[in-house]
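Protein chains in written order, with the numbering used here: chain A, 76 to 539; chain B, 76 to 539.
Derived by calculation from the structure, the hints in this document are not laboratory data.
Watch out, some of these pointers could steer you wrong.
Pair by pair, the computed Cβ-Cβ distance ranges are [stated by the list, open to error]: (1) B:G384 to A:A441: 27 to 35 Å; (2) B:G384 to A:A163: 37 to 45 Å; (3) B:A448 to A:T377: 37 to 45 Å; (4) A:A347 to B:A403: 30 to 38 Å; (5) A:P326 to B:D452: 26 to 34 Å; (6) A:A324 to B:D452: 17 to 25 Å; (7) B:A441 to A:A347: 38 to 46 Å; (8) B:R385 to A:V178: 27 to 35 Å; (9) B:T377 to A:A324: 29 to 37 Å; (10) A:V178 to B:G380: 27 to 35 Å; (11) B:G380 to A:D181: 18 to 26 Å.
From the derived model, a few chain B residues whose C-beta atoms are all more than 12 Å from chain A [what the hints assert, rightly or not]: (12) A83; (13) R110; (14) R130; (15) R139; (16) A517; (17) L538.
So, partial list: chain A residues that the calculated Cβ filter (under 10 Å) puts toward chain B [stated by the list, open to error]: (18) A399; (19) A403; (20) G424; (21) A440; (22) R443.
Note that the Cβ used here is the ideal one computed from N, Cα and C, for glycine as well.
2 protein chains.
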Amino acid sequence: MASLDIFAHDLAGWARALAAGDVRASDLTETCLERIARHDGTLHVFTTLTADAARVAASDADRRRTKGETLGPLDGIPVALKDNIDLAGTPASAGMASRAHIVSTDDAVVTARLRAAGAVILGKVNMHEAALGATNENPLYGRTYNPHRASHTPGGSSGGSGAAVAAGFCLAALGTDTLGSVRVPAAYCGVAGIKGTRGLISPRGVVPLSWTFDHVGPLARSTRDLGLLLDVLAGFDPACAESTAAPSAEPYDPGAPASLAGIRLGRLDGLAEAVVDLEVVVGFNRAAEIIAGLGAEIVPVTFDGYDFGRLRRAGLIISEVEGAVVHAADLAERPEQLSDELQAMLGYGAALPAVRLVRAQRDIAAARERIMATFADLDAIVMPTTPQTAFDFSDPVPVNQADLTAIANLTDRPAVSVPMGFASNGLPMGLQVLGRAFGEAAILRIARAYELAADHDMRPLHLS
Amino acid sequence: MASLDIFAHDLAGWARALAAGDVRASDLTETCLERIARHDGTLHVFTTLTADAARVAASDADRRRTKGETLGPLDGIPVALKDNIDLAGTPASAGMASRAHIVSTDDAVVTARLRAAGAVILGKVNMHEAALGATNENPLYGRTYNPHRASHTPGGSSGGSGAAVAAGFCLAALGTDTLGSVRVPAAYCGVAGIKGTRGLISPRGVVPLSWTFDHVGPLARSTRDLGLLLDVLAGFDPACAESTAAPSAEPYDPGAPASLAGIRLGRLDGLAEAVVDLEVVVGFNRAAEIIAGLGAEIVPVTFDGYDFGRLRRAGLIISEVEGAVVHAADLAERPEQLSDELQAMLGYGAALPAVRLVRAQRDIAAARERIMATFADLDAIVMPTTPQTAFDFSDPVPVNQADLTAIANLTDRPAVSVPMGFASNGLPMGLQVLGRAFGEAAILRIARAYELAADHDMRPLHLS
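Whenever a hint applies, use it, and build me the whole structure from the sequences.
Next up, the structure:
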């Protein structure tokens, strides 16, 4: 048979169908490969497609299932990896021409964890060059287009990951998130994405940009899918200085919460300061009403004195300086292989005086304390994920794209983006839930309750 | 009467004598003022002596006690403050000519806490210029001399605080500690000193050097004195980004532990890498034997791959950069008021590229993880406080003075220095106990058990 309606279920639904014997992993994988063959010539998502290995992995999953030796809900589920995450035997370019020849000898920790859980890895997907930017206009692999509108950006830097999930090329993808690079494409592409608390998921085997703010995070079609993925991805890695935390003892899968009674939620006000588009504000107010209708107590909060732009820039400065250290050899020895834009950003980082950097770090530390104080009696804070919807590649890049996502990176806290329906321009919007440290289970439960109640159909209708 | 033998008791002992009515606060204060009058012409400890205010405060304490309204163990206890800690109405020079005219309008948080506990503040004491150095050779106020040998440094940067306690000019003094500036002078002067976990004591109202590593910490003649002082100094300060922690619910006063049974202690090996003087190693081995005799289980530990000098320099680089931000106006507008040495250090920080700084920060983060792993099953780690004893002002400054103390600042952990007797050159040595985060009570208990068992008499015999 093979060709299935991939949008009939989310990952969790397909996992259930696999468990019930209603479908084979091989059919899921073939369906994804067919969709890729049909649409990727237009969307430009994959940089490396490992179709043969995927077919073998899918057969192995089916064989295990026949023998009653299945590895869990991800066994046989097709997934994709951002091109800065090591997959043994394939290049990990990080979207950089200077790295396109570097073939990974080992899997990244997250790749190995997915593989050990039986996930079928389809290959590597496009990203913004060096993960330092959010359009996904890549000088090496070209533009990746938004499945909801093929003239528009999917967001970035994990744009390929967002587009792959939205286009039904896979059921989940890994991205990385330094100031919002998982959640911005999740919002722009109409899928769900999460960045966990700093230290929860090992970044070992991922090409770094900023070791201070980098996180690996999954994207999928629903928040319960994210829970299943976190169950596999989260874990302490003693070999990695950035990995500091054991996962929650409880599963991250939020189930199907029908009520948010007893939950105290901040609703971020003062969005005008972050220059949020009017229709995103309208969509956000509607989402907040749905959440209030679920029984959550909603409290307006402002991050008093928090300067969204200044702090996002502070985060960017640190990323540029740490990126200049990471890519020092490329910058010094083969700058012609970097785009002018990347050369400029890394060059800025390389030349920045340390006194400027420590001022940025001090600003961030002060903002962190301010937000921590705001959180004192709240379970989470909700806000839009991005101030606007995806934009046309020919339009100027909005400078404030990551103003609302950066907050979670600057404060080391978890944040999930869940689809918030479509704006009147027909493009997806995202709702972001920012949690307490190690509050992943709590924010997934809140996001899941909203997702079930709102029941948005985010399928990109023009993609057959 | 007045003149008492100030060395007859530690702070806790004098507090008991006050409580019993055996002595008056005024007599204690007069005794200290007499000692200052007798010896400070030689030692050069005080930069501002507030004798009149101290006499009033001592009378007030005596009056409270007569009425049964005493404020606790510090009520009536004479103390001194390092000259970078605000005391309303007196200059807070931070040892800098450029700041000598800046009179504090308010008390620092720690000053206010001492005052509210009834402590009698005698004045401000000398320090290394800008707290950036450890000889206490101050260009504005001159050298402070070690009470144990008047040709030698008291250490620094809180050299005046160490000398004031050792000379019996007061029963306790506050210092500040960025890479060891409380514990180095404690060790060199034969007194006890503690740096708490980062965030435990508010630094608000203290002239900063490095907001990343600065801590306020007390010096006194015994570790139980330090416990009484922490009981007053520790506390969350919502107005201060660096203050993050409430104090322990238990008192810090360690009592008189006769046994260390059940305690698992690391003994730092590999001291040769930190170039520890042979006789300090011998003294340390003797101390470790005493601790083992108290029933503690002693486990040799090495901070595998920890490069003592490289990491102390990494901390110094951060201090120089942050110091260049703090003192930017002085450096730019009145550099002639800074010593050549300070100009060079701050100038280095001002000119340093940010990429160098983030490399230092990354090295420190990696070392922190390494040490955290070492700590997994230990209550604390013991090591010498300094690799050598105090040195002659005419000798070159040993570069590795702070190699062993910096560890606690770089890892945000508490560390106490307790006198370890005299080396054969007649100068004091210090034993350092490095604890787990917020393990102040535990390290004070260990240090106190050692102190009681070792029973070193650290009185500077040549000072009458």
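Verification of the supplied hints:
1. B:G384 to A:A441: 27 to 35 Å: Holds, at about 32 Å.
2. B:G384 to A:A163: 37 to 45 Å: With a Cβ separation near 39 Å, G384 (chain B) and A163 (chain A) satisfy 37 to 45 Å, so the hint holds.
3. B:A448 to A:T377: 37 to 45 Å: holds (41 Å)
4. A:A347 to B:A403: 30 to 38 Å: Check passed, 34 Å falls within 30 to 38 Å.
5. A:P326 to B:D452: 26 to 34 Å: holds (29 Å)
6. A:A324 to B:D452: 17 to 25 Å: Between A324 (chain A) and D452 (chain B), where Cβ atoms are some 21 Å apart, the hint holds.
7. B:A441 to A:A347: 38 to 46 Å: The hint (38 to 46 Å, Cβ to Cβ) holds, given that A441 (chain B) and A347 (chain A) are roughly 42 Å apart.
8. B:R385 to A:V178: 27 to 35 Å: Cβ of R385 (chain B) to Cβ of V178 (chain A): about 33 Å, so the range 27 to 35 Å holds.
9. B:T377 to A:A324: 29 to 37 Å: Hint holds: Cβ distance 33 Å, inside 29 to 37 Å.
10. A:V178 to B:G380: 27 to 35 Å: holds (29 Å)
11. B:G380 to A:D181: 18 to 26 Å: holds (22 Å)
12. A83: holds (45 Å)
13. R110: Given that every Cβ of chain A is farther than 12 Å from that of R110 (chain B), nearest at about 42 Å, it holds.
14. R130: holds (41 Å)
15. R139: About 36 Å separates R139 (chain B) from the closest Cβ of chain A, which puts it past 12 Å; holds.
16. A517: Label holds. Min Cβ-Cβ 22 Å, cutoff 12 Å.
17. L538: holds (43 Å)
18. A399: holds (5 Å)
19. A403: Hint holds; A403 (chain A) Cβ to chain B Cβ min 7 Å, cut 10 Å.
20. G424: Result: holds, 7 Å to nearest chain B Cβ.
21. A440: Cβ of A440 (chain A) sits 6 Å from chain B, so the hint holds.
22. R443: OK, holds: R443 (chain A) within 10 Å of chain B, min 8 Å.
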